[in-house]
Structure formats: C-alpha cells, structure tokens
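Chains as they are written, first to last, in our numbering: chain A, 1 to 273; chain B, 1001 to 1268.
Some hints could be false.
Subject to a maximum C-alpha distance of 30 Å in a straight line, what follows is the list of computed BS3-like cross-link-like pairs (lysine-lysine) [stated by the list, open to error]:
hint	chain 1	residue 1	chain 2	residue 2
1	B	K1028	B	K1063
2	B	K1028	A	K112
3	A	K189	A	K170
4	A	K170	A	K112
5	B	K1028	A	K170
6	A	K151	A	K170
7	A	K151	A	K174
8	A	K174	A	K189
9	A	K174	A	K112
10	A	K174	B	K1028
11	A	K174	B	K1063
Only part of the chain A face toward chain B is listed, based on derived beta-carbon distances under 10 Å [said to hold, decoys possible]:
hint	residue
12	A162
13	K170
14	T171
15	D223
16	L227
17	W255
These aren't lab readings, by the way, just hints derived from the structure by calculation.
In this text the structure is predicted, and so the values were computed from the model without any measurement.
Beta carbons are placed, not taken as given, at the ideal position from N, Cα and C, and that holds for glycine.
Here's the letter readout for the chains.
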Amino acid sequence: MDTVSGDRWRGVVERTWRPAALMAALLVVWHLVTVTGLVEAYLVPSPARTFELMIDKWSYLWGHTWVTTVETVLGFVIAGVLGVLVAVAMVCSRTIESTAYPILLFAQVIPKIAIAPLFVVWLGFGFEPKVVVAVLMAFFPVVISTVTGLKSVDTEMLELAATMGGGPVKTFVKIRFPAALPHLFAGLKVAVTLAVTGAVVGEFVGSNEGLGYVILQANGNMDTPMLFAGLIVTSVVGVLLFLLLDLAEQLMLPWHASRRGAAVTTLPAKGGS
Amino acid sequence: MKTAGMTTTSASTSTVAISGVSVRFRSKRAETTAIERVSLDVAPGEFVSIVGPSGCGKSTLLKLVAGLLAPSSGSVALLGEQVRGPRRDIGFVFQRAALLEWRSARRNILLQAEMRGMNPAAAAERADELIEMTGLSGFENALPHELSGGMQQRVALCRALLHRPRVLLMDEPFGALDALTREQMNVELHRVWRETGTTVLLVTHSIAESVYLANRVVVLTRRPAVVQEVIEVGLPGTRDYSATMARPEFAAATAHIRDLLGAVTGHD
Ligand SMILES: Nc1ncnc2c1ncn2[C@@H]1O[C@H](COP(=O)(O)OP(=O)(O)OP(=O)(O)O)[C@@H](O)[C@H]1O
Ligand SMILES: [Mg+2]
Chain A
1 MDTVSGDRWR
11 GVVERTWRPA
21 ALMAALLVVW
31 HLVTVTGLVE
41 AYLVPSPART
51 FELMIDKWSY
61 LWGHTWVTTV
71 ETVLGFVIAG
81 VLGVLVAVAM
91 VCSRTIESTA
101 YPILLFAQVI
111 PKIAIAPLFV
121 VWLGFGFEPK
131 VVVAVLMAFF
141 PVVISTVTGL
151 KSVDTEMLEL
161 AATMGGGPVK
171 TFVKIRFPAA
181 LPHLFAGLKV
191 AVTLAVTGAV
201 VGEFVGSNEG
211 LGYVILQANG
221 NMDTPMLFAG
231 LIVTSVVGVL
241 LFLLLDLAEQ
251 LMLPWHASRR
261 GAAVTTLPAK
271 GGS
Chain B
1001 MKTAGMTTTS
1011 ASTSTVAISG
1021 VSVRFRSKRA
1031 ETTAIERVSL
1041 DVAPGEFVSI
1051 VGPSGCGKST
1061 LLKLVAGLLA
1071 PSSGSVALLG
1081 EQVRGPRRDI
1091 GFVFQRAALL
1101 EWRSARRNIL
1111 LQAEMRGMNP
1121 AAAAERADEL
1131 IEMTGLSGFE
1141 NALPHELSGG
1151 MQQRVALCRA
1161 LLHRPRVLLM
1171 DEPFGALDAL
1181 TREQMNVELH
1191 RVWRETGTTV
1201 LLVTHSIAES
1211 VYLANRVVVL
1221 TRRPAVVQEV
1231 IEVGLPGTRD
1241 YSATMARPEF
1251 AAATAHIRDL
1261 LGAVTGHD
C-alpha cells in the first residue's frame, strides 16, 4: 500500500514539475523585463508589485472573483445539462438533428461580444446576462462532443444489445451513455474554460462587479498592477475549474483514465506491492 | 465421405430453417447481391460450421438468423417461429469481443442478465459457473483492457451463454487469436456444446476448426453466396484434439473443403 501511494506521489511530481518549471521561468523573465527597465513600470508592473497588490486588496479581489465564479459555474451547469439533452435529442432523431444543427451553428459563430449588449438591454445589469453569455459560449462544445460520443458506440455492440432485448432505454443507459462519457468530459473541459470567458465578456458589457469589471476599471484608471492581478485571478479560476473537471473525470471514469494513463506515463497500474 | 446438398429435416422440427433466402444491399452506386437463394436447415442440438471466401456473405447469413437484417426474399425461421425482428432467444458472439470497456469481465457477462431483466441472484450464480467453466476464474474483476484477446473472447462466450440460449450464433469468434489459444478455445467450445446441447451456427475461416467442431460443414461460394456443398463430418462425439486431427475422416474432410474453396477462389 505504501509503495503504491509513494508511486502516486512520484507520478504527481513527475507530471507537474515541467509545467511548474516553465511557470517559474516565465516569472523570472517577467521580473527581469521589469527590473532592467526594458519596459516602463506603468506599462508592465513587476511581479512583486502585482502580488503585493493581490495580497493588499485580497478582499476586494475575492469578492469579485466569487461573483465571476458563480456566474461561470451557473452558466457552465446550465450549458452542460442543456447541451447533453439537446445532444441526446439530436442522436435520437434525424429530424431534430437536421433541424437543430444550423441554428446551433449560427448561435455558435455569432460573436458573443457583439450580442452581449443586447442581453444587458433585455436582462439588466444583474448576473443574468453574464450567465446567458457563459451558457452561449459553453453550450456548443458540450453538444458536439456528446453527439460524437453517443455516435461512437460500435454497431456490433448495439446489435448485441438488440439480441439481448433490452429496449432503447436500457441500451441508452447501460451502453450508449457510458460509452459517450469520455467524449462528454472532453467537451465539458473546453466548455468550462469558455464559460469563464463568457462571464467576463458579460461583465465587460455592463456590470459593477466581477473580474471583468475589475479589469475594465483598472484599465480605465491605468492601474496596470490591478489589471494584471485581475488577469491572473481570472486565469486561475479557469484553470481550477478545469482541474476540478479533470479530477471528476478520473473519479468517474477510472477505466478510461487508467487506459489513457498507461499510454502516457510509466506509472505502474493499481494493485502491486 | 457423405455429402448432401440439402438436409431432409422438415422446417417445423428444425431449429434454424433458412429457405430460399436472398440478400441484396443497395447503395448509391451499386447493388450487391450478398446471398442468393440459400437454404439450410439445422436440427436441434446440431453444430453447423459455415465456411466460404471472404466477403461472400457469411456474417450476413448469421445476422439474418438473428433478425438483425431482413432478407430481400425468402424466409428464415428460428425455433419454429418466423424471424421478423431482432431475436432475443439466441446468443451471439462477434468476431471482436465487443465488450464494454468500463465493465469488469464479470459485469460484462452480467450485462446479458441486466438487459433481459433476469433474476440477479440466479444470473450471478450462472455467471460464476460459466467463469469457472471457461477458466476465467481470478479475472472476474479485470477490465477488458487488462485481459488477453483469448480471455476477452471467453468473456464474450460466457455472455452469450448466460441465459442458456437454445441457439448460439458465432461469427469468426476466434479469428483474432493465436493458433494455440484457438485450439484451446476449440476444445472448450466443443465441451460447452456437448454439455449444454445448444444448437450452434459457427462462421469460421479455419477449415480445421470447422471440421473439428461440427456435425456438418456448409461451404459457400464466392459472392453472391450459394451453398456449394454440405459436408457431413463423421467424427465421434468426444473429440480429443490431437487424436481427432490424426483421424482419416478429419484429413479427408479438410482436404475436400480445401479443394472446394480453392476451386471457388481460384487458388490452390
Ligand atoms: N450494410 C451493407 N451495405 C452494403 N453492402 C454490404 C453491407 N453488409 C455487407 N455488405 C456486402 O455484402 C457482402 C457480404 O458481406 P459479409 O459481411 O456477410 O461477408 P463475410 O462472408 O462475413 O466476409 P468476411 O469473411 O470477410 O467476414 C460483402 O461484399 C459486403 O461488401
Ligand atoms: Mg464476416
């Protein structure tokens, strides 16, 4: 047991040290660029100043981060549920698929930043328009990936199900949907990062709270340290939500994760010792 | 060696009755006739192998019997009942094991029970029995990707046998296995067949396999497939592998089938 958890830690270290080293290197470059005076301090603040500000103003930042996170998660969850339902409907019926596809595509290609003001006009300055933009951003990848997943089941498996006489509902619950989960998770991971963008875009257009508001305010005041702080916090929110989904995927689809893992790393499989 | 174009069993008593069946596939560019007026009767408890050149329509024939495909003309009856849609009174084994990769070997076998709404306790007991019988003990909880190809095929076989089907349809079930595992699987399948009394229809590319396992071997021609000849294999019921291989009947039957297939494909 001990060696297994030891191996797991070694695995975590092995996977994280490279990206961590790269981050550190970027910080060093950022630092050097500012201390050597290569660029003016009011254009690019030093990392030290930025982080100092983040600590000083943490309660201000935290409040706005919370707002954006709630909008993002709400938008993501709505997009996830709606996306899966629409995908299921599209896979069940060719008519629905051919009817819905053009509309979906249209909704996807329309620039969200351009229609966001419309939602503000319709829904006011509260959190609703932000959530709507987040939903719009996150919806499409969920639908596309779920449809792909649901169609990825091989026909032999479905023929086999037919000879087992399970009926369409059981076939869906026991075969089609679980088979689609790896695709669904891939779509959800893309969707959650887009939902962050959606929420921030919504805040840009009309808001007095949220990280989009913080960034816009800082920009207006030429407060570059705050601007950088806002950008960093926004990215961290997106990355954390992404990692949360990655963790959920590993917990829910251990069969998939272990196979993927086996191909990528040299980690010993479960068991042993 | 005895050969017979058609069996004399009447449709009402035979387990599988294929009469004058043709299958045509229509695509945008062309129409392919896969099967042309094929008739075949399989008696209860009989083991029939089907051999023929690649692409001649063997899989199509099995799917017809399972009701996964409708014939363009002719009719198929299974257990005295016309085949109109997917039939659930059969067990089907495909060339690829077709296992659900998120389910353990045991739960893959039990999928059959869940889909049919069988009594879970009885199904579990039956699954353990089959696991034991096919030598999968110790691998019940392994996921498909942790099993060898031969083990995966055995799981597929257990799944097909779980509900004690009266008819077992197998489409090149051992095609992906190495020669030795294949022989082992042949011996196992033969034992299972003798123990269960199931009627078996086996599609295979291996002439030796077809003769070793079957009561009769159906040789199909190149597409459009018609029945070229039905060979009665006069081997004894219990078949020790090496001893059977050494028998003159075995050699005669395999040589004859090789001749027939060579004649239709043009190689020899
Ligand atoms: N759904 C389909 N649409 C069109 N043509 C098909 C379809 N299924 C099979 N065919 C054609 O019917 C013919 C017979 O196919 P089938 O799969 O039954 O061959 P087979 O004897 O099982 O071949 P193999 O030994 O290679 O598995 C082939 O020529 C194939 O191209
Ligand atoms: Mg085939």
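Now the hints, each set against the structure:
Simply put, K1028(B) and K1063(B) have alpha-carbon atoms about 22 Å apart, close enough for the 30 Å limit, and the pair holds. Our distance criterion of 30 Å between C-alpha atoms is broken by K1028(B) and K112(A), whose separation comes to about 41 Å. Taking the CA atoms of K189(A) and K170(A), the gap is about 28 Å. The hint holds against a cut of 30 Å. Between K170(A) and K112(A) the alpha-carbon distance is near 39 Å, which puts this suggested pair outside the 30 Å criterion.
For the proposed pair K1028(B) and K170(A), the alpha carbon gap of about 34 Å is over 30 Å, so the pair is violated. Our distance criterion of 30 Å between C-alpha atoms is met by K151(A) and K170(A), whose separation comes to about 16 Å. Of the pairs offered as hints, the one joining K151(A) and K174(A) holds, with about 15 Å between alpha carbons and a cut-off of 30 Å not exceeded. Proximity of K174(A) to K189(A) is assessed by CA-CA distance (about 24 Å); at most 30 Å being required, the pair is judged to hold.
For the suggested pair K174(A) and K112(A), the alpha carbons sit about 37 Å apart, so the restraint of at most 30 Å is broken. Our distance criterion of 30 Å between C-alpha atoms is broken by K174(A) and K1028(B), whose separation comes to about 34 Å. For the proposed pair K174(A) and K1063(B), the alpha carbon gap of about 23 Å is at most 30 Å, so the pair holds. The closest approach between the C-beta of A162(A) and any C-beta of chain B is roughly 4 Å, which is under the 10 Å cut-off, so the hint is satisfied.
Hint on K170(A) holds. Least Cβ distance to chain B is approximately 6 Å, under the 10 Å limit. Nearest Cβ of chain B to the Cβ of T171(A): about 8 Å, under the 10 Å cut. The hint holds. Look at D223(A): its Cβ only gets to about 51 Å from chain B, farther than 10 Å, so that hint breaks. For L227(A), the interface hint is violated, the least distance from its beta-carbon to any beta-carbon of chain B being 46 Å, above 10 Å.
Look at W255(A): its Cβ gets to within about 4 Å of chain B, closer than 10 Å, so that hint holds up.
In this structure, the hints that do not hold are numbers 2, 4, 5, 9, 10, 15 and 16, in rising order.
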